[in-house]
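J.: First residue of the sequence shown: 1, per this note's numbering; consecutive thereafter.
Since the hints were made in silico from the structure, they are not lab data.
Straight line, CA to CA, 20 Å or less: simulated EDC-like cross-link-like pairs of lysine to aspartate or glutamate:
1. Lys-188 - Glu-235
2. Lys-188 - Glu-200
3. Lys-70 - Glu-90
4. Lys-70 - Asp-50
5. Lys-70 - Glu-89
6. Lys-70 - Asp-94
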Amino acid sequence: MTIADVVDPSAYAPRLTAADLGGTVPDLMAAPPVRWGVLGAGNIAASFSDGVRLRTQGTVVAVGSRDAVKAQAFADAHAPAARAHGSYEELVADPDVEVVYVATPHSHHLEHALLAVRAGKHVLVEKPLTRSAAESRTLLDAAREAGVFCMEALWTRFLPHVAALRGVIARGEIGEVRTVIADFAILKPFDPEHRLYAPELAGGALLDLGIYPLQLAHDLFGVPDVLTARGTLAETGTDDHVALVLEWAGGRQALLHTSTRVAGPVAATILGTEGRIDIPRGFHAPVDFRVERADGSTSTYTSPQGEGKAYEAAEVARLLAAGATQSPRHPWSDTLELMELLDEARRQLGVVYPGE
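Can you build the whole structure from these sequences, using the hints too?
T.: Have a look at this one:
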(Lines of atoms letter the chains of each structure in order from A; the text may use other names.)
(Lines give C-alpha, C1' and ligand atoms only; values in the text may rest on other atoms or scores of the structure.)
Protein backbone atom coordinates (compact mmCIF):
# COMPACT_ATOMS: atom_id res chain seq x y z
CA MET A 1 0.00 0.00 0.00
CA THR A 2 1.31 3.48 -0.91
CA ILE A 3 0.55 6.86 0.59
CA ALA A 4 -1.66 7.57 -2.43
CA ASP A 5 -3.91 4.71 -1.32
CA VAL A 6 -4.63 6.24 2.08
CA VAL A 7 -4.28 10.01 1.59
CA ASP A 8 -6.68 12.24 -0.35
CA PRO A 9 -4.70 15.42 -1.14
CA SER A 10 -7.84 17.29 -2.21
CA ALA A 11 -9.10 17.05 1.37
CA TYR A 12 -6.29 19.44 2.35
CA ALA A 13 -6.45 21.79 -0.66
CA PRO A 14 -9.02 21.31 -3.44
CA ARG A 15 -6.62 21.52 -6.35
CA LEU A 16 -4.10 18.96 -5.12
CA THR A 17 -3.94 15.39 -6.45
CA ALA A 18 -1.91 12.23 -5.87
CA ALA A 19 0.66 13.61 -8.33
CA ASP A 20 1.60 16.20 -5.68
CA LEU A 21 2.46 13.69 -2.96
CA GLY A 22 6.08 13.26 -4.05
CA GLY A 23 6.81 16.98 -3.90
CA THR A 24 9.52 16.96 -6.55
CA VAL A 25 10.13 18.24 -10.08
CA PRO A 26 11.99 16.44 -12.90
CA ASP A 27 15.71 16.94 -13.28
CA LEU A 28 16.43 19.94 -15.49
CA MET A 29 19.11 18.21 -17.54
CA ALA A 30 16.84 15.24 -18.23
CA ALA A 31 14.64 17.39 -20.47
CA PRO A 32 15.46 17.02 -24.19
CA PRO A 33 17.23 19.80 -26.10
CA VAL A 34 15.10 22.52 -27.69
CA ARG A 35 16.10 25.34 -30.04
CA TRP A 36 14.72 28.64 -28.72
CA GLY A 37 14.12 31.95 -30.39
CA VAL A 38 13.86 34.89 -27.97
CA LEU A 39 11.54 37.71 -29.02
CA GLY A 40 12.53 40.82 -27.12
CA ALA A 41 15.86 41.83 -25.63
CA GLY A 42 15.09 43.15 -22.17
CA ASN A 43 16.01 42.01 -18.67
CA ILE A 44 13.45 39.20 -18.44
CA ALA A 45 14.58 37.82 -21.80
CA ALA A 46 18.16 37.96 -20.52
CA SER A 47 17.45 35.95 -17.37
CA PHE A 48 15.44 33.40 -19.33
CA SER A 49 18.22 32.98 -21.90
CA ASP A 50 20.82 32.60 -19.16
CA GLY A 51 18.69 29.92 -17.52
CA VAL A 52 18.31 27.97 -20.77
CA ARG A 53 22.02 28.21 -21.54
CA LEU A 54 23.35 27.39 -18.08
CA ARG A 55 20.84 24.93 -16.67
CA THR A 56 19.19 22.99 -19.52
CA GLN A 57 20.13 21.15 -22.69
CA GLY A 58 18.29 23.77 -24.72
CA THR A 59 19.94 26.44 -26.85
CA VAL A 60 18.94 29.98 -27.74
CA VAL A 61 19.65 29.93 -31.46
CA ALA A 62 18.16 33.30 -32.39
CA VAL A 63 17.25 36.64 -30.82
CA GLY A 64 14.89 39.22 -32.27
CA SER A 65 14.63 42.94 -31.55
CA ARG A 66 13.40 45.95 -33.48
CA ASP A 67 16.99 47.17 -33.22
CA ALA A 68 19.56 44.88 -34.88
CA VAL A 69 22.40 46.36 -32.82
CA LYS A 70 20.51 45.67 -29.60
CA ALA A 71 19.75 42.12 -30.76
CA GLN A 72 23.44 41.48 -31.44
CA ALA A 73 24.52 42.92 -28.08
CA PHE A 74 21.96 40.71 -26.34
CA ALA A 75 23.18 37.62 -28.20
CA ASP A 76 26.80 38.41 -27.35
CA ALA A 77 25.95 38.70 -23.64
CA HIS A 78 23.32 36.00 -23.15
CA ALA A 79 23.23 33.66 -26.12
CA PRO A 80 26.67 33.21 -27.74
CA ALA A 81 26.46 32.08 -31.37
CA ALA A 82 22.75 32.98 -31.62
CA ARG A 83 21.66 34.76 -34.78
CA ALA A 84 20.60 38.36 -34.20
CA HIS A 85 17.51 39.48 -36.10
CA GLY A 86 16.56 43.12 -36.55
CA SER A 87 12.82 42.40 -36.60
CA TYR A 88 10.37 40.08 -34.92
CA GLU A 89 9.16 38.88 -38.30
CA GLU A 90 12.67 37.68 -39.15
CA LEU A 91 12.92 35.88 -35.82
CA VAL A 92 9.72 33.86 -36.19
CA ALA A 93 10.65 33.00 -39.79
CA ASP A 94 14.04 31.58 -38.74
CA PRO A 95 13.89 27.90 -39.77
CA ASP A 96 16.16 26.80 -36.93
CA VAL A 97 13.81 28.09 -34.23
CA GLU A 98 11.49 25.47 -32.71
CA VAL A 99 9.82 27.54 -30.00
CA VAL A 100 9.59 31.29 -29.44
CA TYR A 101 9.80 32.93 -26.03
CA VAL A 102 7.89 36.24 -26.07
CA ALA A 103 9.33 38.76 -23.60
CA THR A 104 7.96 42.10 -24.74
CA PRO A 105 5.64 44.38 -22.69
CA HIS A 106 2.20 43.00 -21.75
CA SER A 107 0.53 45.30 -24.24
CA HIS A 108 2.25 43.52 -27.12
CA HIS A 109 2.03 39.88 -26.03
CA LEU A 110 -0.96 39.08 -28.23
CA GLU A 111 0.52 40.68 -31.35
CA HIS A 112 3.93 39.09 -30.97
CA ALA A 113 2.70 35.66 -29.90
CA LEU A 114 0.36 35.58 -32.87
CA LEU A 115 3.34 36.29 -35.14
CA ALA A 116 4.99 33.13 -33.83
CA VAL A 117 1.85 30.99 -33.94
CA ARG A 118 1.03 32.04 -37.51
CA ALA A 119 4.58 31.15 -38.48
CA GLY A 120 3.92 27.64 -37.14
CA LYS A 121 6.14 28.06 -34.09
CA HIS A 122 5.45 26.82 -30.59
CA VAL A 123 5.31 29.68 -28.10
CA LEU A 124 6.02 30.47 -24.45
CA VAL A 125 4.67 33.90 -23.52
CA GLU A 126 5.87 35.86 -20.50
CA LYS A 127 3.17 36.34 -17.87
CA PRO A 128 0.49 37.54 -18.01
CA LEU A 129 -0.31 35.79 -21.29
CA THR A 130 -2.05 38.92 -22.59
CA ARG A 131 -3.77 42.05 -21.24
CA SER A 132 -7.14 40.39 -20.76
CA ALA A 133 -9.07 37.14 -20.90
CA ALA A 134 -10.54 38.13 -24.27
CA GLU A 135 -7.08 38.56 -25.76
CA SER A 136 -5.94 35.28 -24.20
CA ARG A 137 -8.85 33.45 -25.84
CA THR A 138 -7.85 34.92 -29.19
CA LEU A 139 -4.29 33.66 -28.81
CA LEU A 140 -5.23 30.22 -27.49
CA ASP A 141 -7.80 29.75 -30.26
CA ALA A 142 -5.10 30.57 -32.80
CA ALA A 143 -2.68 28.11 -31.17
CA ARG A 144 -5.36 25.42 -31.16
CA GLU A 145 -6.11 26.01 -34.84
CA ALA A 146 -2.42 25.94 -35.74
CA GLY A 147 -1.80 22.85 -33.62
CA VAL A 148 1.14 24.42 -31.79
CA PHE A 149 2.16 24.41 -28.15
CA CYS A 150 1.34 27.56 -26.17
CA MET A 151 1.94 28.33 -22.50
CA GLU A 152 1.96 31.33 -20.22
CA ALA A 153 5.40 31.64 -18.63
CA LEU A 154 4.17 31.58 -15.05
CA TRP A 155 7.52 30.20 -13.94
CA THR A 156 6.69 29.97 -10.22
CA ARG A 157 4.45 26.95 -10.82
CA PHE A 158 7.38 24.86 -12.01
CA LEU A 159 9.84 25.63 -9.21
CA PRO A 160 11.11 22.93 -6.81
CA HIS A 161 10.01 24.71 -3.65
CA VAL A 162 6.46 25.02 -4.96
CA ALA A 163 6.33 21.30 -5.71
CA ALA A 164 7.75 20.65 -2.24
CA LEU A 165 5.22 22.81 -0.41
CA ARG A 166 2.39 21.24 -2.40
CA GLY A 167 3.75 17.88 -1.26
CA VAL A 168 3.71 19.00 2.38
CA ILE A 169 0.08 20.02 2.03
CA ALA A 170 -0.93 16.97 -0.02
CA ARG A 171 0.39 14.65 2.71
CA GLY A 172 -1.71 16.44 5.31
CA GLU A 173 1.23 17.81 7.29
CA ILE A 174 -0.51 21.14 8.04
CA GLY A 175 -4.08 19.85 7.86
CA GLU A 176 -6.75 21.51 5.75
CA VAL A 177 -5.51 24.77 4.24
CA ARG A 178 -7.84 27.61 5.22
CA THR A 179 -5.96 30.81 4.43
CA VAL A 180 -3.34 32.08 1.99
CA ILE A 181 -1.65 35.40 2.78
CA ALA A 182 0.71 36.81 0.17
CA ASP A 183 2.30 40.11 -0.81
CA PHE A 184 4.21 41.39 -3.80
CA ALA A 185 4.82 45.10 -3.35
CA ILE A 186 7.78 47.16 -4.49
CA LEU A 187 8.55 50.84 -4.10
CA LYS A 188 8.78 52.41 -7.54
CA PRO A 189 8.51 56.22 -7.51
CA PHE A 190 5.91 57.50 -9.94
CA ASP A 191 7.21 57.95 -13.46
CA PRO A 192 4.63 58.19 -16.24
CA GLU A 193 7.20 56.84 -18.71
CA HIS A 194 7.94 53.68 -16.74
CA ARG A 195 6.11 50.54 -17.89
CA LEU A 196 4.57 50.02 -14.44
CA TYR A 197 2.73 53.33 -14.75
CA ALA A 198 2.11 53.38 -18.51
CA PRO A 199 -1.43 52.33 -19.51
CA GLU A 200 -0.35 51.97 -23.15
CA LEU A 201 2.01 49.20 -21.96
CA ALA A 202 -0.72 47.58 -19.81
CA GLY A 203 1.09 48.77 -16.71
CA GLY A 204 0.05 48.57 -13.10
CA ALA A 205 0.83 46.48 -10.05
CA LEU A 206 -1.80 43.81 -10.70
CA LEU A 207 -0.62 42.38 -14.01
CA ASP A 208 3.07 42.73 -13.30
CA LEU A 209 3.29 41.83 -9.59
CA GLY A 210 -0.13 40.91 -8.26
CA ILE A 211 -0.42 37.89 -10.51
CA TYR A 212 2.10 36.09 -8.26
CA PRO A 213 0.09 36.13 -5.01
CA LEU A 214 -3.11 35.59 -7.00
CA GLN A 215 -1.79 32.51 -8.76
CA LEU A 216 -0.62 31.04 -5.43
CA ALA A 217 -4.14 31.14 -4.01
CA HIS A 218 -5.64 29.91 -7.28
CA ASP A 219 -3.10 27.08 -7.45
CA LEU A 220 -4.40 25.67 -4.16
CA PHE A 221 -8.07 26.62 -4.16
CA GLY A 222 -9.11 27.35 -7.75
CA VAL A 223 -11.55 30.11 -8.75
CA PRO A 224 -13.03 31.95 -5.75
CA ASP A 225 -16.73 32.46 -5.23
CA VAL A 226 -16.11 36.11 -4.38
CA LEU A 227 -13.28 38.48 -5.30
CA THR A 228 -13.14 41.92 -3.71
CA ALA A 229 -10.57 44.44 -4.94
CA ARG A 230 -9.82 47.75 -3.26
CA GLY A 231 -7.06 50.19 -4.07
CA THR A 232 -5.86 53.38 -5.69
CA LEU A 233 -4.84 54.46 -9.16
CA ALA A 234 -1.82 56.46 -10.25
CA GLU A 235 -2.19 59.74 -12.14
CA THR A 236 -1.89 57.79 -15.39
CA GLY A 237 -4.83 55.52 -14.50
CA THR A 238 -2.87 52.36 -13.73
CA ASP A 239 -3.40 50.53 -10.43
CA ASP A 240 -0.65 51.27 -7.93
CA HIS A 241 -1.86 49.97 -4.53
CA VAL A 242 -4.26 47.04 -4.33
CA ALA A 243 -5.69 44.68 -1.73
CA LEU A 244 -7.56 41.55 -2.82
CA VAL A 245 -9.80 39.41 -0.63
CA LEU A 246 -10.81 36.07 -2.15
CA GLU A 247 -13.45 33.83 -0.61
CA TRP A 248 -14.38 30.21 -1.29
CA ALA A 249 -17.19 27.99 -0.06
CA GLY A 250 -16.43 26.42 3.30
CA GLY A 251 -14.63 29.48 4.63
CA ARG A 252 -11.36 29.37 2.73
CA GLN A 253 -9.83 32.79 2.19
CA ALA A 254 -6.90 34.54 0.53
CA LEU A 255 -5.62 37.93 1.66
CA LEU A 256 -3.43 39.34 -1.09
CA HIS A 257 -1.60 42.63 -1.60
CA THR A 258 0.33 44.27 -4.41
CA SER A 259 1.69 47.77 -4.87
CA THR A 260 4.22 49.98 -6.60
CA ARG A 261 3.89 52.64 -3.87
CA VAL A 262 5.33 50.75 -0.91
CA ALA A 263 7.99 48.10 -0.36
CA GLY A 264 6.39 44.94 0.98
CA PRO A 265 7.79 41.67 2.33
CA VAL A 266 7.19 39.81 -0.97
CA ALA A 267 6.46 36.80 1.20
CA ALA A 268 3.64 34.31 1.70
CA THR A 269 2.11 32.24 4.47
CA ILE A 270 -0.16 29.23 4.05
CA LEU A 271 -2.28 28.49 7.12
CA GLY A 272 -3.74 25.06 7.78
CA THR A 273 -5.79 23.59 10.61
CA GLU A 274 -2.71 21.72 11.87
CA GLY A 275 0.18 23.98 10.96
CA ARG A 276 1.59 26.61 8.63
CA ILE A 277 4.10 27.14 5.85
CA ASP A 278 6.10 30.37 5.83
CA ILE A 279 7.73 31.33 2.54
CA PRO A 280 10.12 34.27 3.02
CA ARG A 281 11.05 37.13 0.76
CA GLY A 282 11.01 36.15 -2.90
CA PHE A 283 8.26 33.53 -2.48
CA HIS A 284 7.70 33.52 -6.25
CA ALA A 285 11.35 32.62 -7.03
CA PRO A 286 13.67 29.82 -5.84
CA VAL A 287 13.58 30.10 -2.06
CA ASP A 288 13.60 28.01 1.12
CA PHE A 289 10.49 27.63 3.29
CA ARG A 290 9.68 26.60 6.86
CA VAL A 291 6.93 24.28 8.08
CA GLU A 292 5.61 24.61 11.63
CA ARG A 293 3.15 21.94 12.77
CA ALA A 294 0.59 22.02 15.56
CA ASP A 295 2.55 19.42 17.54
CA GLY A 296 5.48 21.84 17.73
CA SER A 297 7.70 20.10 15.18
CA THR A 298 9.33 22.13 12.43
CA SER A 299 11.19 21.48 9.21
CA THR A 300 12.83 23.53 6.48
CA TYR A 301 12.95 22.90 2.78
CA THR A 302 16.13 24.11 1.07
CA SER A 303 15.60 25.07 -2.54
CA PRO A 304 18.13 24.50 -5.34
CA GLN A 305 19.64 27.81 -6.36
CA GLY A 306 20.11 29.19 -9.86
CA GLU A 307 17.98 30.90 -12.50
CA GLY A 308 14.46 29.64 -11.91
CA LYS A 309 13.13 30.24 -15.39
CA ALA A 310 15.03 27.16 -16.48
CA TYR A 311 12.27 25.04 -14.96
CA GLU A 312 9.57 26.38 -17.23
CA ALA A 313 11.92 25.98 -20.20
CA ALA A 314 12.45 22.33 -19.26
CA GLU A 315 8.69 21.84 -18.93
CA VAL A 316 8.23 23.11 -22.47
CA ALA A 317 10.98 20.82 -23.78
CA ARG A 318 9.42 17.74 -22.17
CA LEU A 319 5.96 18.55 -23.48
CA LEU A 320 7.15 19.29 -27.02
CA ALA A 321 8.87 15.91 -27.08
CA ALA A 322 5.59 14.34 -25.97
CA GLY A 323 3.61 16.11 -28.70
CA ALA A 324 1.51 18.12 -26.20
CA THR A 325 0.04 21.53 -26.96
CA GLN A 326 -0.40 22.67 -23.35
CA SER A 327 1.00 21.98 -19.89
CA PRO A 328 -1.01 19.94 -17.38
CA ARG A 329 0.72 21.88 -14.60
CA HIS A 330 -0.40 25.22 -16.04
CA PRO A 331 -3.08 24.48 -18.66
CA TRP A 332 -4.92 26.99 -20.80
CA SER A 333 -7.91 26.79 -18.47
CA ASP A 334 -5.76 28.05 -15.57
CA THR A 335 -4.48 30.96 -17.64
CA LEU A 336 -8.01 31.96 -18.60
CA GLU A 337 -9.24 31.71 -15.01
CA LEU A 338 -6.40 33.91 -13.77
CA MET A 339 -6.97 36.44 -16.55
CA GLU A 340 -10.68 36.58 -15.71
CA LEU A 341 -9.83 37.25 -12.06
CA LEU A 342 -7.41 40.02 -13.07
CA ASP A 343 -10.08 41.45 -15.39
CA GLU A 344 -12.57 41.51 -12.51
CA ALA A 345 -10.07 43.16 -10.17
CA ARG A 346 -9.34 45.82 -12.79
CA ARG A 347 -13.06 46.35 -13.32
CA GLN A 348 -13.62 46.98 -9.62
CA LEU A 349 -10.66 49.35 -9.51
CA GLY A 350 -11.61 51.19 -12.70
CA VAL A 351 -8.49 50.34 -14.71
CA VAL A 352 -9.03 50.42 -18.48
CA TYR A 353 -6.26 50.07 -21.04
CA PRO A 354 -6.23 51.92 -24.36
CA GLY A 355 -8.33 50.13 -26.97
CA GLU A 356 -10.45 48.19 -24.47
